[in-house]
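All chains should be built: construct the whole structure from the sequences, respecting the hints.
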Amino acid sequence: MACFLVSAAEAVVVTTAKHIEAKKEIRIEEKGGNTETAESRIPMSRKLKWLSNMLWGGVALLLFEHIWHGEVVPWFPFLTAMNSAEDTAEMLHEMATVGVCMAVLISVVWVGICIAADALAKKSAAAEGGRA
Amino acid sequence: MTLLITVFAAVAATLLWYRRKDDSMQFGFLSLMYWGAALMWTVDAVFEYAELGADYFAPEAADMLNDAFLGLSAVALGLVIWLVRLLIMDPKGSVRMALKKAA
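Taken in order, these protein sequences are the chains called A and B.
Numbering-wise, the first sequence is residues 5 to 136 according to our numbering.
Numbering-wise, the second sequence is residues 2 to 104 according to our numbering.
Hint data in this document are derived by calculation from the structure and do not stem from the laboratory.
Please note that the accuracy of each hint is not assured.
[What the hints assert, rightly or not] Pulled a few chain B residues facing chain A out of the computed Cβ check, cut under 10 Å: (1) LEU40; (2) TYR50; (3) SER74; (4) VAL76; (5) GLY79; (6) ILE82.
This one's a predicted model, so the numbers in the text were calculated from it and none came from an experiment.
No residue lacks a Cβ here, since even glycine has one placed at the ideal position from N, Cα and C.
Below is the structure:
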């Protein structure tokens, strides 16, 4: 009904955080600092970009699916489930269950990607160090 | 069917990203977009399976055809989004070069 709205809200927060983090990293680099931390060689803004791409991509394609099924319309209130109180309650229940699970699953997969990417970056850095 | 088609698109985009020579085609964005949608549709499928049980795996032919049509349309929309973003960001400078030549 409108499950993708939960991921859309997360995408807005993540995109904002990504911009803030990118500005912070630029400031650190301008001061001659290093954005790499002991745990990670990949900047946080890049990792947040992966999450925002997954979230916005999913939201765009699911929005299309909802338009396809007639659940989202181009006129106010945009969601057909808003036409009756019963449908609205069902929509909110779906957002609280399916929608939240979607956002959580994407976030969990992203955490896994970040851990794997950090491990690979560390491994390649160690291999480079060994060669030098 | 929509989920299945999106997963195939995500795998294909990921393979293109893996075989890339540089980032100019931005296949990473395309694969993340499809994986995001595939994960979201996976959750949808799990909830539907919990409701329908084994009937989930035996859809009506008309529903399957509609879902396949939707899946292909979603993949096409993803490709259009990726292409528009690629042309706007223009990492190889091809669009800028073409515009300079035209001017």
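Status of each hint after checking the structure:
1. Taking 10 Å as the C-beta cut-off, the interface hint given for B:LEU40 holds, the closest approach to chain A being about 5 Å.
2. Hint on B:TYR50 is violated. Least Cβ distance to chain A is approximately 12 Å, over the 10 Å limit.
3. For B:SER74, the interface hint holds, since its Cβ comes within 10 Å of a Cβ in chain A; the closest pair sits about 7 Å apart.
4. Hint status for B:VAL76 relative to chain A: holds, with the closest Cβ pair at about 9 Å, below 10 Å.
5. Proximity of B:GLY79 to chain A holds as hinted, the smallest CB-CB distance being about 6 Å (cut-off 10 Å).
6. With a cut of 10 Å, the hint placing B:ILE82 at the interface with chain A holds, because the nearest CB-to-CB distance is about 6 Å.
In summary, the structure is inconsistent with hint 2 from the numbered list given earlier, while agreeing with all the others.
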